[in-house]
Amino acid sequence: MNDTPEKPTAAEKAPAKRTTTKAPAKKTAARKTAAKKAPATKAATKAVAKKTTAKAAAEKAPAKKAPARKPESRTAVVRRARRINRELAELYPYAHPELDFTNSFELLVATVLSAQTTDMRVNQTTPRLFAVAPTPEDMAALPPEELEELIRPTGFFRAKTKSLLGLSAALRDRFGGEVPGRLEDLVTLPGVGRKTANVVLGNAFGVPGITVDTHFGRLARRFGWTTQEDADKVEADVAAIFPKSEWTMLSHRVVFHGRRVCHSRKPACGACPIAPLCPSYGEGETDPEKARKLLKYELGGQPGQRLKPPADYPGQPAPPMAPPAAAS
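First residue of the sequence shown? That's 12 in this note's numbering, and the numbers climb one at a time after it.
Treat the hints with care, since some could be wrong.
When the alpha-carbon atoms are kept at most 20 Å apart in a straight line, the in silico SDA-like pairs for lysine to any residue are as follows [as the list claims (entries may be wrong)]: (1) K255 <-> R205; (2) K304 <-> A286; (3) K307 <-> E101; (4) K173 <-> Q127; (5) K81 <-> T238; (6) K301 <-> P325; (7) K81 <-> K255; (8) K307 <-> K319; (9) K304 <-> P284; (10) K307 <-> P334; (11) K81 <-> M260; (12) K244 <-> V198; (13) K304 <-> K319; (14) K81 <-> R91; (15) K307 <-> G326; (16) K307 <-> E257; (17) K173 <-> T146; (18) K81 <-> K301; (19) K255 <-> P287; (20) K307 <-> P325; (21) K255 <-> P104.
Read the hints as simulated data drawn from the structure, not as lab findings.
Build out the structure end to end from the sequences listed, making use of the hints.
The following block contains the structure:
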């Protein structure tokens, strides 16, 4: 018996063929689909390219500017400004300083305290202060800690304490305990600048002055009376428009309007009686109903800022400050 293995035949050597009948069908279908999609893809590519080119051209081209507003002549600016003042005088015939005071020293102190707070808060704070220190001599003699505690509700009480002690000592030592009636003297006192000096001069001494606080500066720019941000430059621009006799009352009217209607963030344009004269109309709410809800103080049916307002004030007095809680 022969045990030698037999040699494989040629048929046995050849590898078995794999069945690949489905693959060509898939490739063929894919090719057909691609052929069908090709025209659409090509068209889409052209459209995208065209859009990109147009966008790039638009970005390169200079933007069209709105037609420039014709600048007013100096005469037109002055006429419109003075008409605004007359309209404000009719709107606020009761305009007044919104700080409670009975003499020039009280007004000076209250004005220094009014920085970075409301006049209402100052008016609620000063009764206790003036009960303890009614004169410059009394205030200069207060321990700093006691004065700080008395004026704490007005904020920034440490810096204000330093100013009040300094100006009280200066009034005692340099001016015989009296508030001077000249701007050049007032601005030498600690914590007293032109704004504070003009408040005191205009309302305690009858010397005309323009009070440029944040409200006045904002409205002067909105009305087109100035483009300046610096308070001294705003004062100079406005002083050149109005007669000196109007300066003090103009200040009250503009500040009143800024607090009640022409607010910083959202002016009530739709409820503003001088809107037709205002070049900035539209910066705030123009819908009349919505604008009326933005009105403040007496125009909004709310209390004013003074605890003791003038007799002709049409609104409610501010509420007094609650007494400090008793120590337990």
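Structure-based check of each hint:
The hinted pair formed by K255 and R205 meets the criterion: a straight-line CA distance of about 16 Å does not exceed 20 Å. Annotation: proposed proximity of K304 to A286 holds, straight-line Cα distance about 17 Å (limit 20 Å). With a CA separation close to 18 Å, the supplied pair K307 and E101 stays within the 20 Å bound. The hinted pair formed by K173 and Q127 meets the criterion: a straight-line CA distance of about 16 Å does not exceed 20 Å.
The suggested pairing of K81 with T238 holds, with an alpha-carbon distance near 17 Å, which does not exceed 20 Å. The suggested pairing of K301 with P325 is violated, with an alpha-carbon distance near 23 Å, which exceeds 20 Å. For the proposed pair K81 and K255, the alpha carbon gap of about 30 Å is over 20 Å, so the pair is violated. A distance of roughly 18 Å separates the Cα atoms of K307 and K319; the hinted pair therefore holds under the 20 Å criterion.
Simply put, K304 and P284 have alpha-carbon atoms about 15 Å apart, close enough for the 20 Å limit, and the pair holds. As the CA atoms of K307 and P334 are separated by approximately 26 Å, the hinted pair breaks the 20 Å bound. Of the supplied pair hints, the one linking K81 and M260 is violated, its CA atoms being roughly 31 Å apart against a limit of 20 Å. Of the pairs offered as hints, the one joining K244 and V198 holds, with about 17 Å between alpha carbons and a cut-off of 20 Å not exceeded.
Between K304 and K319 the CA atoms are separated by roughly 26 Å; this puts the pair beyond 20 Å, and the hint is violated. Only pairs whose Cα atoms come within 20 Å are accepted, and K81 paired with R91 is accepted, the gap being roughly 15 Å. A C-alpha spacing of about 11 Å is found between K307 and G326, which places the hinted pair at or below 20 Å, so the restraint holds. Simply put, K307 and E257 have alpha-carbon atoms about 25 Å apart, too far for the 20 Å limit, and the pair is violated.
The suggested pairing of K173 with T146 holds, with an alpha-carbon distance near 16 Å, which does not exceed 20 Å. Restraint check: the Cα-Cα separation between K81 and K301 comes to about 31 Å, which exceeds 20 Å; the hinted pair is violated. A C-alpha spacing of about 26 Å is found between K255 and P287, which places the hinted pair above 20 Å, so the restraint is violated. Taking the CA atoms of K307 and P325, the gap is about 13 Å. The hint holds against a cut of 20 Å.
Between K255 and P104, the direct Cα distance comes to roughly 19 Å. Compliance with the 20 Å bound is thereby established for this hinted pair.
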